[in-house]
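**Student:** Sequence:
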Amino acid sequence: MRIVVSGMVAGDPHQGGATWAVLQYVLGLRALGHDVLLVEPVGARRDARTDRYFRAVVERFGLGDRAALLVRDSTRTVGLPYDRLRRFARDADVVLNVAGMLRDDALLDTIPVRVFLDLDPGFNQLWHTVDGVDMGLDRHNRFATVGLSVGAPGCAVPTCRRPWIATLPPVVLDLWPPAGAATRGAFTTVANWRGYGSIRWRGVHYGQKAHAVRALIDLPERAGAPLALALAIHPGEGADLAALRRHGWRLVDPVAAAGSPDAYAAFVRGSRGELGVAKSGYVASRCGWFSDRSACYLASGRPVVAQDTGWSRHLPAGDGLLAFTTAEDAAEAMQRVAGDEPRHRRAARALAEDLFDAGKVLPRLLDAVA
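Note that the working numbering has the sequence shown beginning at 430, numbered continuously upward.
FYI, nobody ran anything at the bench for these hints, they're computed from the structure.
Hints are supplied without guarantee of correctness; some may be wrong.
What the hints assert, rightly or not - Restraint ranges, calculated between C-beta atoms of paired labels, are given here:
hint, residue 1, residue 2, range
1, ASP464, GLY626, 35 to 43 Å
2, THR588, THR539, 37 to 45 Å
3, ASP520, ARG481, 30 to 38 Å
4, ARG513, ASP691, 22 to 30 Å
Cβ coordinates follow ideal geometry from the N, Cα and C atoms, glycine included.
Required output: the full structure, derived from the provided sequences and hints.
**Tutor:** Written out as structure tokens, the structure reads:
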């Protein structure tokens, strides 16, 4: 098949995890034998770092003849010229459009299967429903989400009168082999303290990572184990920074830890495991979001202790992958992992092979949207 993938790889440069979230689709589909084109829409006033970072990623993964930055509302590109994008799109079978980022009708209109791919469940739908933001839903005829419970009873996320196909985040296992000995003695994660504004709907606050971590602030003391955050947080968040340090959180420079795809992968592989803290909005909505980042830890043979957003209704929680709701739960889960780390590492990789392998996830997604 000829497939267009659109999503943010370089628009906010030096976020290696966000880059991987899109690359897993591009590289996974390519490994399956599909002809894949990556198009990332960017603003005309983008930082010059965006172009440099994009070129570096394209070169690193051999995408030079199948990738372009496209300046919005124009035909200007970095990478493939616009006329080649048009030719590819004219014969394309499917577009996977993350958050509806690609809005160029000349590219979209000729593609028969146009998939709105939701990697931020709850927020995309609430921006549309509450704030009246045009998310581009009307440009699409299929709707897929990593919110495993969207549209199901008990999930507060509005469906926007669309049927949502649940899909797991894929991992290209050949690029994420089991890791050797951990170089850090800490459970880690990579996060933005505040990605964007929160939303209130029907009396419920749908918040950010900041709100979730504050509720777990004493976790290092409870767990008796080091926790390291590669955390993008503004220096002006003085009270929160002081509280994190006071309670024993180790703060790591996020650019040093995850400023490129390779740095991000090395940080994940060097970790003892992941403490997966979800945005509070995912927890409040019970949307069943499961992190592409956590899938990378699992593939690396690193156990994951993940905040339950409702994902435990759909995925096995036990060896290698443990769910928590409170700080007490998280501390207990980390202690369980510490009690038999080799077993939990083996189980983590096995879960990745069974559930998150791009060679299984992506064919199911293509079948579902056909």
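**Student:** Please go over all the hints and tell whether each is borne out by the structure.
**Tutor:** Comparing the hints with the structure gives:
Here the CB-CB span from ASP464 to GLY626 is close to 38 Å, well matched to the stated 35 to 43 Å. For the pair THR588 and THR539, the supplied restraint of 37 to 45 Å is violated, since their beta-carbon distance comes to about 28 Å. Taking the beta carbon of each, ASP520 and ARG481 are about 31 Å apart, inside 30 to 38 Å as hinted. In this structure, ARG513 and ASP691 meet the distance hint of 22 to 30 Å, their C-beta atoms being roughly 28 Å apart.
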